[in-house]
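Counting in this note's numbering, the sequence shown runs from 237 upward without gaps.
Derived from the structure by calculation, the hints contain no laboratory data.
Treat the hints with caution; some may be incorrect.
[Said to hold, decoys possible] Estimated spans, in silico, between C-beta atoms of each pair:
id	residue 1	residue 2	range
1	Glu456	Glu295	15 to 23 Å
2	Val555	Tyr510	44 to 52 Å
3	Asp518	Pro591	28 to 36 Å
4	Asn370	Ser600	54 to 62 Å
5	Asp363	Lys246	44 to 52 Å
[As the list claims (entries may be wrong)] Derived lysine to aspartate or glutamate pairs resembling EDC-like cross-links, with alpha carbons at most 20 Å apart:
id	residue 1	residue 2
6	Lys553	Glu497
7	Lys553	Glu284
8	Lys342	Glu295
9	Lys553	Glu572
10	Lys323	Glu276
11	Lys403	Glu526
12	Lys542	Glu479
13	Lys563	Glu295
14	Lys403	Glu360
15	Lys494	Glu458
16	Lys288	Glu276
17	Lys323	Glu360
18	Lys296	Asp252
19	Lys288	Asp326
20	Lys575	Asp443
21	Lys575	Glu498
22	Lys287	Glu560
23	Lys403	Glu390
24	Lys575	Asp518
Each residue gets a CB set at the ideal place from its N, CA and C atoms; glycine is no exception.
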Amino acid sequence: MAQDSTSPVKTTKALDDYVLLGRSGLRVSPLCLGTMTFGETWGGSNKEESKKIFDLYYEKGGNFFDTACTYNNGESERFLGDYISDKRSDVVIATKYSCNMTVMQKDKRFNPNLGGNHRKSLVENLDGSLKRLNMSYVDILYVHVYEYRTPIEEYMRSLDDIVRSGKALYVAVSDIPAWALSRSNTLAELRGWSPFIGLQSRYNLLDRSLEFDLQPACAEHEVGIIPWAILAEGFLTGKYTRESTKTQSSTNLGDESKMMEEYRSLSVQNHSRYEKNWEILDKVIAISKEINRSPVQVATNWIQQKPGITSPIIGAKTVTQLEENLKSLEFKLTPEQMKRLDDVSQPTGREIPFPYTFINSFDSFLGKNTQVPNKFASIATNLIVTLTPVFQKNAAPEEIVKDKNKRVNEEGDRQEREKISKH
Numbered sequence: 237m238a239q240d241s242t243s244p245v246k247t248t249k250a251l252d253d254y255v256l257l258g259r260s261g262l263r264v265s266p267l268c269l270g271t272m273t274f275g276e277t278w279g280g281s282n283k284e285e286s287k288k289i290f291d292l293y294y295e296k297g298g299n300f301f302d303t304a305c306t307y308n309n310g311e312s313e314r315f316l317g318d319y320i321s322d323k324r325s326d327v328v329i330a331t332k333y334s335c336n337m338t339v340m341q342k343d344k345r346f347n348p349n350l351g352g353n354h355r356k357s358l359v360e361n362l363d364g365s366l367k368r369l370n371m372s373y374v375d376i377l378y379v380h381v382y383e384y385r386t387p388i389e390e391y392m393r394s395l396d397d398i399v400r401s402g403k404a405l406y407v408a409v410s411d412i413p414a415w416a417l418s419r420s421n422t423l424a425e426l427r428g429w430s431p432f433i434g435l436q437s438r439y440n441l442l443d444r445s446l447e448f449d450l451q452p453a454c455a456e457h458e459v460g461i462i463p464w465a466i467l468a469e470g471f472l473t474g475k476y477t478r479e480s481t482k483t484q485s486s487t488n489l490g491d492e493s494k495m496m497e498e499y500r501s502l503s504v505q506n507h508s509r510y511e512k513n514w515e516i517l518d519k520v521i522a523i524s525k526e527i528n529r530s531p532v533q534v535a536t537n538w539i540q541q542k543p544g545i546t547s548p549i550i551g552a553k554t555v556t557q558l559e560e561n562l563k564s565l566e567f568k569l570t571p572e573q574m575k576r577l578d579d580v581s582q583p584t585g586r587e588i589p590f591p592y593t594f595i596n597s598f599d600s601f602l603g604k605n606t607q608v609p610n611k612f613a614s615i616a617t618n619l620i621v622t623l624t625p626v627f628q629k630n631a632a633p634e635e636i637v638k639d640k641n642k643r644v645n646e647e648g649d650r651q652e653r654e655k656i657s658k659h
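Full structure from sequences and hints, please.
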């Protein structure tokens, strides 16, 4: 009997169904627990509640924890270090360096060399992280944010030295342009240095820009993708409405203890300005009702099925929130449901950067009836199918270009009118 297109596929997938991260043998859970909410400095959870969240994730087989030297001014790392003191070999701990903690610490002198990706910043920030975590090494060390000041050769050589020293077992990167990721790993390959095995990048139904450059770059270099902001700062939870966001205001600017709340509030206000985002949310809610799941679980499940995704980062301030996130492993959206979400969230018009609107329009001329390499198949097929204008069998190339430009411009004009109407 054929399966009902609205019935999700039930699975027995769990946190202890481990996956390999990138081109490595490192086993990690299919959902990574983000710990930016561990600590009250930025408005997160206190130590008792954070411990409950940690325990639930760990007891269900979870082993992958993400933190950073700056999260809650180091409180996140201290909490995490306490929780894993008797579990060190059972867990995979990832932390990050790059961001300057003294920028936010009014009681300390500003130190310009504690920020950036250079060797001094790396050594001092990692030593600080290891002290707060109370451990001798981290499993994964991330470059937190790419910067244009530090040469790629410098940070890749410095990271390799750290791996050789035993203070980090693997290296990864977050928030980096695709060209810099490719150059970094190419240098590592040519010079025998440790390559990036993972990429953290923003990715959700509202923001699919990762698919244009970073996703193919990761496929080429065998880098596992670990998405963050998978719920678009809470917009995709379904708790916001068109009416509620009109009355929402930001009142905590400059209050460090409300930093996370303020960031979410400003982000949701920005998301709410665009009707397309509401259409995406409407579709998420509709599917969630069809399958008796929450919008959180639907949005998370969509991410899990996208090409190259290894372990989406989930965050929680309460045990209840974590429980809801984990239930996204209990089912699998059907191809029909995935297509509905893909279609409604597909970048259009001026959301599509050059050269993709151009080269994908000519795919029939470049590779008609020709196989795409397996590692790019799902990515390329998605771009070609959704971005290519409808080709007429006997259409001349100039007619195709004219039709494509017309439709791209019409969509861009529609978006501009929509923006103006919001002000």
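### Pair hint Lys287 and Glu560, alpha-carbon separation not exceeding 20 Å
Within the cut-off at roughly 17 Å; holds.
Exercise for the section: Would you mind confirming whether the straight-line C-alpha gap from Lys342 to Glu295 stays at or under 20 Å? Expected result: Outside the cut-off at roughly 39 Å; violated.
Q) Does the alpha-carbon distance linking Lys575 and Asp443 stay inside the 20 Å limit? A) Holds, at about 16 Å.
So the hint says 44 to 52 Å: do the beta-carbon atoms of Val555 and Tyr510 match that?
-> violated, 33 Å
**Asked** If you draw a straight line from the CA of Lys553 to the CA of Glu284, is it 20 Å or shorter?
**Response** holds, 11 Å
Straight-line Cα separation of Lys542 and Glu479 no greater than 20 Å? Violated. Lys542 to Glu479 sits at ~32 Å, over the 20 Å cutoff.
Satisfaction of hint between Asp518 and Lys575, Cα-Cα up to 20 Å: holds, 15 Å
Are the Cα positions of Lys553 and Glu572 separated by 20 Å at most?
At roughly 33 Å apart (the allowed maximum being 20 Å), Glu572 and Lys553 break the hint.
Is it true that the C-beta distance of Glu456 to Glu295 lies inside 15 to 23 Å, as the hint says? violated, 38 Å
Exercise for review: Sort out whether Glu390 lies within 20 Å of Lys403, counting only the CA atoms.
Suggested key: This hinted pair holds, its Cα atoms lying about 18 Å apart.
Regarding the pair Lys323 and Glu276, is the alpha-carbon distance no greater than 20 Å? violated, 24 Å
message = Given the hinted pair Lys494 and Glu458, is their Cα-Cα distance within 20 Å?
response = violated, 38 Å
Comparing the model with each numbered hint stated earlier shows that hints 1, 2, 8, 9, 10, 11, 12, 15, 17, 21 do not hold.
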